[in-house]
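Quick note, the sequences are listed as chains A and B, same order. Quick note: the first sequence uses our numbering, first residue 1, plus one each step. Quick note: the second sequence uses our numbering, first residue 244, plus one each step.
The reader is advised that the hints may include incorrect statements.
Sample of chain A residues with no beta-carbon within 10 Å of chain B, all distances over it, derived [said to hold, decoys possible]:
| id | residue |
| --- | --- |
| 1 | Asp-69 |
| 2 | Asp-85 |
| 3 | Val-90 |
| 4 | Arg-101 |
| 5 | Asp-183 |
| 6 | Asp-222 |
| 7 | His-225 |
| 8 | Asp-230 |
If you want a taste of the chain B side facing chain A, the calculated C-beta under 10 Å gives, among others [claimed, not checked]:
| id | residue |
| --- | --- |
| 9 | Arg-389 |
| 10 | Pro-391 |
| 11 | Phe-393 |
The set of hints was computed from the structure by calculation and includes no laboratory data. Glycine included, every Cβ here is placed at the ideal spot set by N, Cα and C.
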Amino acid sequence: METADLTHHTSRRFNEDLEKVRNELLQMGGFVEQQLYKAITALVEGDSRLGEAVATDDYKVNHMEVSIDEECSRILALRAPAAGDLRVIVAIIKTITDLERIGDEGEKIGYIASRLATMERPADKYREVKHLGRHVAQMTHDALDAFARMDSKAALKTAQEDRMVDEEYESIQRQCMTFMMEDPRTIRRALEIMWIVRALERIGDHAKNICEYVIYMVHGKDIRHTSLEDVARELDVAPGRNP
Amino acid sequence: MTAVWTFALARLAAVLLLGLILGRLAGMTGVGVVIAFALYLIWQLRNLYLLERWLRLRSQLHPPSIGGVWGDVVAQVDRLYRRKQYHKQRLAQLFRELRRSTAALPDGVIILGGQREILWFNRRAASLLGLRRPVDVGLRIDNLIRAPEFIRYLRSNDYAAPLVIRPPAEIESYLSLQLVPYGAGQSLLLARDVTHQHRLEAMRKDFVANASHELRTPLTVISGYLDALAEDSGLDAAWNGPVRDMRAQARRMNSIIADLLELSRLEVTEEEVPREPVDVPRLLERLQRDALARVGRPREVSLTLESQSGLYGAAREIESAFTNLIDNALKYTPVEGTVRMVWRVDAEGGHFSVIDSGIGIPAEHIPRLTERFYRVDHGRSRGQGGSGLGLAIVKHALQRHGGRLEVHSVEGKGSTFTCHFPPQQLLRAAGG
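The task is simple: from the sequences and hints, build the whole structure.
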């Protein structure tokens, strides 16, 4: 198993260091997940206070990113890891960047949600946006689960979800355009909603990136800019090569 | 010496004797003995071989039928083996039953090791928390349940109360998690789905808040007209009494609704108490002035400020808690009695006490005092116009500040109500 890799080390200290940053990353992930969840709730329930709380709490995510980043640089400099360990560190460094961006998008959603709370809410109470929000929140969650379990299959499956997120995004976009054409008074609100769904769509992309890093970490394969079908085929042919 | 051994020795002696006799007959005594020994040895080796083969392939072979000491050894090994087999089966069966019963538990159970890594979990835990077997065994629990509150809970070392979180997989539900440490660093994590309870509780709170709010408007209209009627000089004098009573009752209803709203606000609000500085000595001086201005107050209402320290918290909630306690003391103390208020600070935090020489409370009622609408006896508080919610408000307000309420009372002698605040809520005054 790949996880066993982390426990068979000549240097116990190194192993502990690696485990520590991994835990910190997952903690940061948990916080980002919660921020995202709160931001969506703030929008759907028209809770301006919650939205503001999300926006002001974003600095915590940034702090976590900086501290994990420093820790990773320290490990790279002091221990000069190779092969699988190096890939874990590289994947962690990349993942925190995407997590931080997810945090930023969450902050944006929280901020817009607090502004939208003062406006009249539509009859459907942002049903589609809520659905899209749930979807990307679930994706983020699954991506982090795949990271924790070093599970490349789950990562691939989650990465494939991104296509559906894109479709949902486009459908909401079209819907917003229809609203704007039908009733120009809704333009302001529709524009704000566009910002939010755009942010959600970006979160989907970041979650997909995290999945790609998981596959890279486990298999040592860089699958960015490769079609997911090809990746699926490759992973089936050469399952779990583990240098 | 047992019979088998006597027999074995006799057999050896017989073989040797036979070898000796045959050797003597053939004229080569030495060769005869050696051959006899060799034959005996071969026979023993054969037995040993049979025994070894049987032990090696025990599951497929029947025990060999050999005589003598070897036969005894075979019989004893066989018995040991059967007994072990029997115990193994019983243990396995016991384990299966145990596993079945834990799997049938309505709650999720996870066994955690010293590093909070997952050692074992039952099926319910898997479905509640989205765990997967066998990949999740060995992973740290906080890698999979990443909710920040849960991580804080794990670090807090205070597992007396369960923690309620939203589970990772389903946003709409609520889970109650409780850690039970045992043995050397191990712990048990219990997970329970409390969505239903949570929803009922939320519904109840919403209902109380909404109902009180809805009652307020009609009541305002009624009291408005009653006030107008009371001042209407054209009204028949016979109505003066009823109108006065109606006004008093309307006022009482108003205060009940105000208290209900206050209580539900304290209960519903999830945000933390703000850390505004509250100047407790000035607040208490003001409350004392208000108390002294009351009609029919006890003869002596004193205030002792042993400290000039204040508190961090929500000024409104602290004031409402103190006011309720002082109100009660004034209400249940006769005119010739005394009410003393004391504010002091020590290493354990801040303490505000209200000590009265009133009618006191029978001991059996003390534990239930803070329940809403709880009355010590039906005659007494209704006449005083209390809402029955005062102490519930005090309890909630204190809880939100990390404090607690302590009640001492002797029937007929008086009561002491003390609010304890933890040190971290204290705002230390310079030099005091």
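Verification of the supplied hints:
| no. | hint | result |
| --- | --- | --- |
| 1 | Asp-69 | holds (19 Å) |
| 2 | Asp-85 | holds (18 Å) |
| 3 | Val-90 | holds (19 Å) |
| 4 | Arg-101 | holds (18 Å) |
| 5 | Asp-183 | holds (31 Å) |
| 6 | Asp-222 | holds (24 Å) |
| 7 | His-225 | holds (29 Å) |
| 8 | Asp-230 | holds (25 Å) |
| 9 | Arg-389 | holds (3 Å) |
| 10 | Pro-391 | holds (5 Å) |
| 11 | Phe-393 | holds (8 Å) |
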